[in-house]
Structure formats: C-alpha cells, structure tokens
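**Q** Here is how the chains run, residue by residue.
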Amino acid sequence: MPIPLTVLDDRRQARDDRGAMTPPTEDIREKVFELEARGEWIVQRVPDPWLPVTTKYGRTKKIPIEKSWHHKSCGQCGHIPGYSTSIFWLHRKLGLDYNDPKDQTSCTAWNYYASATSNVGAQAAVAMRNFGAAYESGYFPQIHCGTSYGHYKEVREQLVEHADLRDEVRRICDKLGKPFVMPEEIVHYSEWVYAMRDEFARRKVLDLSSIDVTVHPACHYHKLVVEDAIYDPDVYGGQRTAVVSAVVTALGANVKDYSTWFDCCGFGFRHILVQRDFTRSFATLRKIEVMREEANPDVVLTHDTGCVTTLDQSQFAARAHDRKVGVPVMSEAQFSALAMGAHPYRVAQLHWHNTEYRPLLEKMGIDWRERWREFEDDLERLKKGEAEFMTWEDADA
Amino acid sequence: MPETVLVIGGGPAGLETARAVADIGARAILVERRAILGGTPDEADYAALTPHMGSAQDALDVLRAGVARPEVEVRLETTVTACRGTVGDFTLTLAGPGGEEEVGVGAIVVATGFSHFDPGRETQMYGYYEHADVITLPDAEKMLKEHRFVRPSTGEPPRNVAFIQCVGSRDRRLGNEYCSKVCCGVASKEAIEIGRLLPDAKVYIFYIDMRMYGYWENQIYWPAQEEYNVNYIRGIVTEIVAKDGRLLMKGEDTTMGRPLEVLMDVIVLSVGMEPSRGTREIAGVLGIEPNKYGFIHTPGEPMDPVSTSVPGIFVAGAAAGPKDLEDTIGMAGSAAVRAVRSIRGVTPTGAGAAS
Amino acid sequence: MTLQARYEDVPLDTKERLFDEVRADIRFKDYLFGCYECGICVAACPSARFYDFSPRKIAQAAARQDLPMFYEQLNDDIWNCSQCFSCLRCPRGNNPGGLITIMREVAINNGLTSARQALEGYGRVVYKIMSTGTQVSPDMLQPNAFPDWGPHVQEISENLELWRRALPPDTMHTTSTAWYVDDKTLTELYLIWHMTGVMDMIKEVDAGLHMILTDVMEELLEEAGYSAD
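Chains as they are written, first to last, in the numbering used here: chain V, 1 to 397; chain W, 1001 to 1355; chain R, 2001 to 2229.
Do not rely on the hints blindly, as some may be mistaken.
[What the hints assert, rightly or not] Short, incomplete list of chain V residues facing chain W, as computed with Cβ under 10 Å:
hint: 1; residue: 7
hint: 2; residue: 8
hint: 3; residue: 11
hint: 4; residue: 14
hint: 5; residue: 23
hint: 6; residue: 24
hint: 7; residue: 57
hint: 8; residue: 239
hint: 9; residue: 240
hint: 10; residue: 257
hint: 11; residue: 260
hint: 12; residue: 261
hint: 13; residue: 290
hint: 14; residue: 294
hint: 15; residue: 296
[As the list claims (entries may be wrong)] Which bits of chain W does chain V cover? Going by a derived footprint, with three or more residues having C-beta under 8 Å, they are:
hint: 16; segment: 1166 to 1175
hint: 17; segment: 1242 to 1255
The set of hints was computed from the structure by calculation and includes no laboratory data.
Virtual Cβ for every residue (Gly too), placed ideally from N, Cα, C.
Isolated chain V (complex conformation) (with noise of 0.2 Å):
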C-alpha cells in the first residue's frame, strides 16, 4: 500500500485553517511594564535596531542587533574560551557595537543550582546589579550562558510576583548605588544568534552541505519559563525550540534528529565536580551513544556551556570503555565563526576541546595543519615578549 506523503502535510494545513488562539500565559512583559508605571523600577528598553522572533505561543520578542552589553559565562570564559572569542568576533565581524563589561559578575547560578549556597535575596540582587550595570553602561545585555539565562528569567518572575523581594533587593541596590532597572527582553546570545543566521549565512565561505549535524538543546534555555524561548514555525512545525537548529539549517549543513533530542546532557552542576559518573554516563549512555548510532553525526553543535563541557569532556573516559563515541562539540557560535572563515584556533581556540575536531575540520575544508602553525608562530612570539597579548588584529591577520 503506498505511504501517503500528504499526512503531515494535511494535518499542518487543517491546522493553519483554525486560525491562531489565546497564549494560555499571561505576558510578563505586560507586568513589568506595570510595575515600571508604578514607579517600582526602571525598565531597560530594546535598542533600535531590533528583529522580532517567536515564542513559544506565537508572542513576538525583540532581539536587538547592536550595542549589546556582554554577560560574560564562567565556564565558557574560564574552560572554553574559544566559545566567548567566537561570540565577540561574530559582533565584531557584523561591525556591531558593544560593550564587554569588567563591571559584571558570574550569575551565580551555576553554584546555586550546584549546593544551593545561597538565597532567592541574594540571586536576586546579584541579577538586578548585573542588570544595572549594564543599564548605566547604555548598552542591553546579551547572556551568554544557558544556566544564567534561564535563571534570570526565574528571576524576573520572582520579583514581578512578590513585592517583599523586590522591596529587599531594591534596598541592596540602593546601598551599592546601582539603579534598579530590569530589561524589557531577557536576551540568550543563542537568539541573537537566530536572528541574525541570514546575515552569517550571506558572509558564509565554506561549503557546509556534507556536513551532518546534531543538535542538542539546552535544558535551562527552554525548560525554564517555558512560553519565553524561541520556537519558529517553519522549523520542526513550531514544536520544538528551534534556536540552534535554524541556524545550522541556513549555514547549509544538515541537521540529523536522534531519539534523546529532548534529554538532558547530564551536567547536573553539582554532578559534573564533584559526582562525575552521573554526568559521563549519562552524556555518554543517553546523548552521545545514540547521536552516534542514529544520526552519525560529523559534529554535535549546542548553545550552552556547560552542555559543551559536558558532552565534550565526559567522551574520554568512556573510550577507556570502549563505548561508541567520539564526535566532536562545540557551540554554533563557534560553528558559525568557522564557516564564516574564522581562524580554528585563534577565534574557536579549538585547542581547549578535548573530543577530536581534526577530521571535522578537514571535511569543512581547513587547513588545520596551516592554521596550528600560525597559531605556534603566534605563541613564539607572545612567549619571546614580542607582544604581550593576541589582539582582535592578529585574529583576522
């Protein structure tokens, strides 16, 4: 009996005739707004230029292009710093403004989702100074981790819902002397990202269509205040968040589905220092195994740091096991970088991820061999004292 084609298809049309409904969940962008009329706080509006995306219930958000102020990710700065270099040189690559703040901290949810060393008063305040940092800088900030970002936006939940927490932390801001403001959008550089894949896409000088592509999503991005993530029509049918995998899709590589899409990668926090079988068992038995048996892919790309950490680092020690790995990580951000001819090493500092990249590479058409050589060439001359630091010239040089 042939295999009607059309199924899917009709169910999306007889879908498209319903027309659109209600979003089930209020707005809390509505209530932010309120409370700004109220006086109770400052709220940090969207730069111009801005590009509207989807969310989850057919809302629109607005990811502004330019003058971001970078909220930097400990993990990604501190053990893969390849994946903050490839952010900042996409901006500056755009010829985009920002601002690359010494006046932020560390969200600190990374340790409070760890040992829960801290309190809602604390991670609190520690958001809102961050937020108005950046508020005084003149330039919206643009979060650079998953975990930081999700947290945030539990945050702003927090404080929009209890009047006594905002009371507290508006005191502490007070005493430090930083406004209390929040912004009108909590923006992941992931969305940043999606919103500008075409103008990547455009600036593109490798043939990316050979290569297979995993996508793994990232738990706090969108399990965390669900209604507020990206999720695009025209990807998956809207059903599933579709930052990354848009991106990759206008690259011109291949994304390749596999049966634990919706799984975490295992990072766990607390896990990944200091109870580490958890973590590489599971990104080993429940992530990278079945990528490698379903899709094959040539890499697994994510937008979160400590996914990356986890799914590249947790690999070795399951070798010694004889277990099916063996597919490098790294962010799309650092894909991105790539295709668009970024340096491996000099940008995507490919040098601190620990899977094997080489052959990835190689397939995407660089001379890896050619690149490691500048880049020791480089790192003669920092060692000779010939310049103290690599600087965004030598990068592109």
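Since the structure of chain V is provided, determine the placement of chains W and R on it from the hints.
**A** Chains W and R alone, transformed into the frame defined by chain V:
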C-alpha cells in the same frame, strides 16, 4: 403567530432542540454553517458511539429526519453575524448563500459545539506534526469507520497501539483546567474496535485517572480489560520521538515507580474538547458571557444547565463545555422548553429561575 | 507514615520544624499546587534513570506533609537532582526541582550532615565564586581536579599562562578568574553576600571556608569604606 426559536448549529444539540421546539407547537429556524447537517460527529467521521457501539451516522440520520418537517426551517451554509433586541423580540442578521437577511425570533438556542484540541499546542512533546503515526482520536475514528486500522506511514496494520489520555485537558499550563469527560470512554471504545479488527495487536492505554461514569464502568472499561486484554497503565507519557522506524514513548509506570520507554507502531492522542470557532464567535455576536475557557457560561447551574447570562438565550450541548451525547440530548430538550416558555412570557418559579 | 524505618531516632518535631521552614519560603506556593501523580516529571527526569529518585515522590511528600518521608528525602534524595528542570513539564504547574532547591537551602542552613557530605570537595568552587565573582577559572583545569577528562587537561595546565595570553578579548587575559572583574564590582558582590545572609549560611556548611572568605572580603570592604555588616 407561533413562537419562533432560532437554533444556531446543526449538530446533535441543534437538531434535537429544533425537533423538540416543533414537538411542543412552536417554530424553529435552524442555522448551520456547513452544507450538511450533523455537526462534529459528521465532520469528523465518527464511527461507533460510546458505549453502545451504535453507528454514528445512523444516529445522525434519525436526528436529521426529526427536523424534516414544516415547523423547522433549515438554513444551510448560513451563519449569524449580528443580533439586537430582548427576549420575545430579537432581530438577527443571517449571512448565507443568498446574501444577508434579517429575521425576527422570540428566543435563541446556541448549539455551536466544540473543536477537538490541536495537539500541536500540547505541553508535552508528542510530535503530532512530525510523526505520521501519531494520530488523534478523530483520526482513528475515520479509519474505524472504514473498518480498517493501519499505520499512516506504511499502510500496514500495527503490532501495537498506545492511547495517551488527557491530551489538552487537565493542564494548568495550557489553561484547559478541566476534564473533557468522554475521552476515557471513547479511547476504550476505540481500543475495543481495534481489538476486533486486529486480534493480534497489543493495545495499551496510558492514563492518570480512568473516567468511567455510571454504567460505562461495566459497559466499556471491564470488557476492554476482560474480553479484549487492553492494558491500562497508570502513568502519562511525556515524549514521543522516532526510533528505528517506529515511535519511542517515554513515560512513567507509576505502579512500578520507574521510568518506562517502549516502542509503539501507532500512538493515539486522546484529545479533549475546546470551544469551537463558532462558539467563540457567537458569544461576542449575541452578547452572552463566555466562561474563562471560551465555552458559554451557564450561571444557573446545577438546576438550570441551559440558561446563559442573557434572558431568552439558551445553550445546548458542548458549546457550554465538555458533554457526552446523553448530556447533549438532555440539554436540548430542556433548552427547547425553556426557550418557548420564555417567549410565552411565563416566569418560571422555583430554583434556577433565569429571568 | 513510612514503612521503612530510617531516621526513626530523629524526633518528629525536628522534622516538622524543617518542613515548616521549607513551606515558609516565598517560592513554595509558586512551586507546589496539587499533584495527580501522572508521572510526567519522572518520565522526563535524568536522575530518575540513574538513582532511586523520583520528583513525583518529592512533590507528593510535600503535598501530603508526610514528615518522615520528607526528612528521608531531605537527607538521601535531594542531592541526586540534576536541576535541569525537565520536571517543569508538570501539567499542574508544580516545580519539583524548585522544591528541591528550597529543601537544599534548608538542609544547609540547618547544618545537616548529609548536606555537608554532599558538598565535600566542593569548597574550592564556593571559594572561587564568592571571592572572585566568577564560578570557574582557567587555573582550576588541573589533572587532579578532573582526572577522568584525560591527558588533555595536563596539556592545558602546562600551557595555561601562554594560551590565556593568546586570546583576543582583552577581558579574558586572566588565569585565576574567568574574566577581569573590577574591584568595585567585587565589593558590591561581597556586600550582597553579607546583606542577604549568605555568609551565615557558609558558616554552617564549612567554618574554615567561612574564615578564609571573611578575611579575603574584609580587606576589600574596608578599602571601600564598609564594615562587614
């Protein structure tokens, strides 16, 4: 001049109301937006009715025959677009194939029914728009009406089938905080029908609670388990993904207290009821209050389940919320009597007076 | 009422006091509605596949106010949660992961041995985040800290200082912090820890760590003109 009642909607509720209005000596104008009477059971190709397994089309034919009489004026492909006036003297604008026209009636009965929940909006990851073999209860009805049940992706009969209950109902995140009443019975009925067509297939129903009101317990639930070996597993499924050409479902077997993952050939989503587009629109047109779910609000409950917030306007069937067929037929009779009485100006005494 | 006889020696009013502390948290009402035991949370939970752990039972014990079961979970279960919040798929709107966050805070504030044990070896991370304002730093990439990550970590630690200078962003030429944090920013962070009671919490968990942190913070706070409140 006999009393005239406008009945909006030509499904079971509307058909029964119009017939009842005629039976007690009044006139009915029956307005239906489609080109054929029968409502959702017709549009969605229902096969057998729960619990007695009678043919849905036969039941609809009886209802259709009931309005084939001079006291009922049937207007197909027609909708109501405007309304003014009060009980005893309403003027409505009807838009139909001949253009727009105004009619004067004494009372109105809303019978605009429900829609099946769109599983794409579901909180859990069921992938209805990604996997052809994930289907809904109405999709299954269509196949069962043709006396077959196959995997849409291959056209072959499945070796195993799972039903997932409460899809789009009982969910605070969606806002549908109610139970849709009939899905447990309908799923069990379909499980029995599949068992008859495919005796070797294993059928599972994953549930939170089994809603088997009154006689359904012994008419549907016990036979499903005892005669057809349907496996009822307590624990709802959260994800459906594709694996090895089949569907992998992830749930918890709460009886055993551990996660379960199992491969299925076909998964049927027991989708609940939501107000139809017609129901949502008519509330605004007539100026009657909807409840927070968009169904028509019935302030006189429990003793008066058919009066709306406006005197002279009544509701019958699933336009008021999740109802089974017996509820619907019962409401239709009650709505017909109260509608006619409201025109005759007789004030009802006793509890639930909707003056 | 529990069929297992764990922690029978702990008096019931201790358990009740701890439960009341959890219930008094401002977030409790946002995190627990009713539970109809659908099991979606367990189906989605990574820890449920590796440990004898059930977010459904966490929600149930809290909803039933089952003090013996709650106390067992407070000691044996809450540190197995990976805080991924997959359990937020709950159709009732419950947040078992969030309940666990609150329970962890209560365990720490009350100096439970199980909490201290769970955080053994973790002290260096708390020190890093609280004193430097960044959670992990390049110089934490040492083979003895991450032996299962392989010899690659050794290579990194040997080249650390040089490789960090070979980074274009100028805020990242650091080894003991993830990025440069201004002293003023650090002062503000220290004030937050003091004003919100976090320093008192640390004292319960690790008195030695608390002493070191106090020393480190006092210097900067005094320079800025504050006395540790």
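**Q** Hint by hint, say whether it matches the structure.
**A** Right, here's what the structure says about each hint:
Because the beta carbon of residue 7 of chain V sits about 4 Å from the nearest beta carbon in chain W, less than 10 Å, this interface hint is met. Residue-level restraint check for residue 8 of chain V holds (minimum Cβ-Cβ distance to chain W is 6 Å; threshold 10 Å). Taking 10 Å as the C-beta contact cut-off toward chain W, the hint placing residue 11 of chain V at the interface holds, the least distance being around 6 Å. Annotation: residue 14 of chain V was flagged as interfacial toward chain W, and the flag holds, the nearest CB pair being 9 Å apart, inside 10 Å.
For residue 23 of chain V, the shortest C-beta to C-beta distance to chain W is roughly 9 Å, which falls under 10 Å, so the interface hint holds. With 10 Å as the threshold, the beta carbon of residue 24 of chain V comes within range of chain W, its nearest partner Cβ sitting at about 4 Å, so the hint holds. Because the beta carbon of residue 57 of chain V sits about 8 Å from the nearest beta carbon in chain W, less than 10 Å, this interface hint is met. Given the 10 Å rule on beta carbons, the hint for residue 239 of chain V holds: about 6 Å separates it from the nearest Cβ of chain W.
Checking residue 240 of chain V against chain W by beta carbon gives a least distance of about 7 Å; that is within 10 Å, so the hint holds. Look at residue 257 of chain V: its Cβ gets to within about 7 Å of chain W, closer than 10 Å, so that hint holds up. With 10 Å as the threshold, the beta carbon of residue 260 of chain V comes within range of chain W, its nearest partner Cβ sitting at about 7 Å, so the hint holds. Annotation: interface hint on residue 261 of chain V holds; nearest CB of chain W at approximately 6 Å, less than 10 Å.
Interface hint status for residue 290 of chain V: upheld, as the beta-carbon distance to the closest one in chain W is roughly 9 Å, under 10 Å. At its closest, the beta carbon of residue 294 of chain V sits 7 Å from a beta carbon of chain W; the interface hint therefore holds under the 10 Å criterion. For residue 296 of chain V, the interface hint is violated, the least distance from its beta-carbon to any beta-carbon of chain W being 15 Å, above 10 Å. Under a criterion of three residues with beta carbons nearer than 8 Å to beta carbons of chain V, the stated coverage of the segment 1166 to 1175 of chain W is upheld, 3 such residues being counted.
Check result for the segment 1242 to 1255 of chain W against chain V: holds, 3 residues qualifying (beta carbon to beta carbon below 8 Å, three or more required).
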